[in-house]
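Undergrad: Residue numbers (the UniProt record's numbering), protein chains in the order written: chain A, 1 to 77; chain B, 1 to 245.
Rather than coming from a laboratory, the hints here were simulated on the basis of the structure. Some clues are possibly wrong.
[Unchecked claim] Chain B is nowhere near these chain A residues, computed Cβ spacing over 10 Å in every case: (1) GLY17; (2) SER28; (3) THR40.
[Stated by the list, open to error] Pairs of lysine-lysine, BS3-like flavour, derived with a Cα cap of 30 Å: (4) B:LYS128 <-> A:LYS22; (5) A:LYS10 <-> A:LYS22; (6) B:LYS120 <-> A:LYS10; (7) A:LYS10 <-> B:LYS198; (8) A:LYS74 <-> B:LYS72; (9) B:LYS128 <-> A:LYS74; (10) B:LYS192 <-> A:LYS10.
Where is the CB? At the ideal position from N, CA and C, for every residue including glycine.
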Amino acid sequence: MSDVADRVRKIVVEHLGVEEDKVVENASFIDDLGADSLDTVELVMAFEEEFGIEIPDDAAETIQTFGDAVRFIKEAQ
Amino acid sequence: MFDLTGKCALVTGASGGIGGAIATALHGAGATVGLSGTRTAPLEELATALGDRAHVLPCNLGDAEAVNALPKQAVEAMGGLDILVNNAGITRDNLFMRMSEEDWAQVLEVNLTSTMRLCKGVVRPMMKARWGRIINISSIVGSTGNPGQANYAAAKAGMVGMSKSIAYEVASRGITVNCVAPGFIATAMTDKLNDDQKSGILNQIPAGRMGEADEIAAAVLYLASPEAGYVTGATLHVNGGMAML
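Same shape as in the complex, but just chain B (with noise of 0.2 Å):
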């Protein structure tokens, strides 16, 4: 099941935890991957570690002319671009009335606006081809919100309003545009949080106990298989029940 063999994808903020969970499982199902990031020796590393089938593509998400670039780049290094991966995020976290513009104007360009900008450079080749699976990672907290991340909240819940719009669009041309939304996963990102905050969110958690990389990476693979052919616009959202939407 869920058989990728000859296709292309390309994956954001590759060299992260879920990016990189994600980028192995397609890998896993036969795909070739486009692995992007800002830093190069984790993407390497990675490549190294998948062997074939695998290209580096480095990318700062925050500089709009490279992300523009980046899926003929893609197609270049690959020979195709069936699958895109908008996985990459930052976070910039702060009270809502401490946080400041920059830091507002930071978090959307590189969560939502690149994500905007990929997903123009892939309709495209995918229109061409009558074929093709947009995956784009929001988060629980596009849905819920949360304290100190308005700037991430807005531009996750940004992603979900853009991915069902654009999938109305393109859906009778083979081109299917879904999110997953993790919950908290066990990643550099929830690493920063201290023990009480640990334990506040396990509390929030009926399965009692964070989400793996992996477990987000199984959801990406479900949506980017032919199988998922008749799922379009939809969130699955993969948080151990901490919020059941």
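The following block holds chain A by itself, in its conformation from the complex (with noise of 0.2 Å):
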């Protein structure tokens, strides 16, 4: 697992308060991990502050999954 994914873990481990081991490639943040919709507004935020990325809002609702975030984090760096 590359950095960019550890970092993206804590974040959600932190924010939703789930087990690390629910934070897989494909767990959605609303369906598997009990975010609601504000939830995953602050994870966007959260994952600005923590990368110094700008996550415009049509690009934040593309990101569904653990995984999704992780690739669109790798991208714009």
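Make one complex out of these two single chains by using the hints.
TA: So this is what it looks like as structure tokens:
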């Protein structure tokens, strides 16, 4: 696992209060990890801050799973 | 009671009667205040009168870019932003049949759209802080309507619906969004009324007098306080009984 994935996982675990082993490639923030729609907005805010990137609203909507987030951030960096 | 020590509040329209009173009340409870408005001189004057913990942040609410930049400027000046009071407003009164689209658009832009922009700008830091207070100054005419004020009444009613919707979305993050709806308050805006209009209005007010700006400020202070944490999506009517809603 890459450094990006580890950092993203840490944010997800802290923010959603889920077990680390639940945060897998295809884990959906809303369906599998219990996030509500506001949580997903906050996660994106946290990713922006952690990685010093800007995630526009239309891109943010495509980030549904842990894997989506890691891929997006790697490309954005 | 109502201790705002350590909190930072941004007040728009702070150069006006009600806005100045609101800023003074929040400052008096210990908050650091950001005074916004279009006219710099009265803002500077108020800041000098308040002394410490007062920052002047001029902004033309008709200028979208300037409005979007204001929350950030406020955070930079004050070190945070916990309380937003959208108080600024303009009127362009005319009979509906004679109301130009420009008069309509200007009033909606300054009174409603700029409020939306500022709310959007402050929600982010408030979500992170898990604490926030947004208080939008609506008006009695948003509920009752008023001849000659179709634009103003629409903007003020729109503010209430918008506030309730935002209140739903952010309630779980410790952020409350409420409105204060003043009735007729003695300010420069009501000074423009002629004597006939004034006596007509006074006849409709059970309290038998116009309200004072301080009486609006007290309502805002309550809604801004930690004690009002369970009040959200509400509209607090301060109108001497003119409309019991």
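Undergrad: Could you run down the list of hints and mark each one as holding or not?
TA: Hints versus structure:
1. Every Cβ of chain B is farther than 10 Å from the Cβ of A:GLY17; the closest lies at roughly 14 Å, confirming the non-interface assignment.
2. Against chain B, the non-interface label of A:SER28 holds: every CB pair exceeds 10 Å, the least being about 20 Å.
3. The Cβ of A:THR40 lies farther than 10 Å from every Cβ of chain B, with a closest approach of about 12 Å, so its non-interface assignment holds.
4. The straight-line distance between the Cα atoms of B:LYS128 and A:LYS22 is roughly 25 Å, inside the 30 Å bound, and the hint therefore holds.
5. Proposed proximity of A:LYS10 and A:LYS22 is supported: the alpha carbons are some 12 Å apart, at most 30 Å.
6. Of the supplied pair hints, the one linking B:LYS120 and A:LYS10 holds, its CA atoms being roughly 28 Å apart against a limit of 30 Å.
7. Taking the CA atoms of A:LYS10 and B:LYS198, the gap is about 63 Å. The hint is violated against a cut of 30 Å.
8. Pair hint A:LYS74 plus B:LYS72 holds up; C-alpha atoms about 28 Å apart against a cutoff of 30 Å.
9. Simply put, B:LYS128 and A:LYS74 have alpha-carbon atoms about 24 Å apart, close enough for the 30 Å limit, and the pair holds.
10. Proposed proximity of B:LYS192 and A:LYS10 is contradicted: the alpha carbons are some 60 Å apart, above 30 Å.
The structure shown violates the earlier hints numbered 7 and 10.
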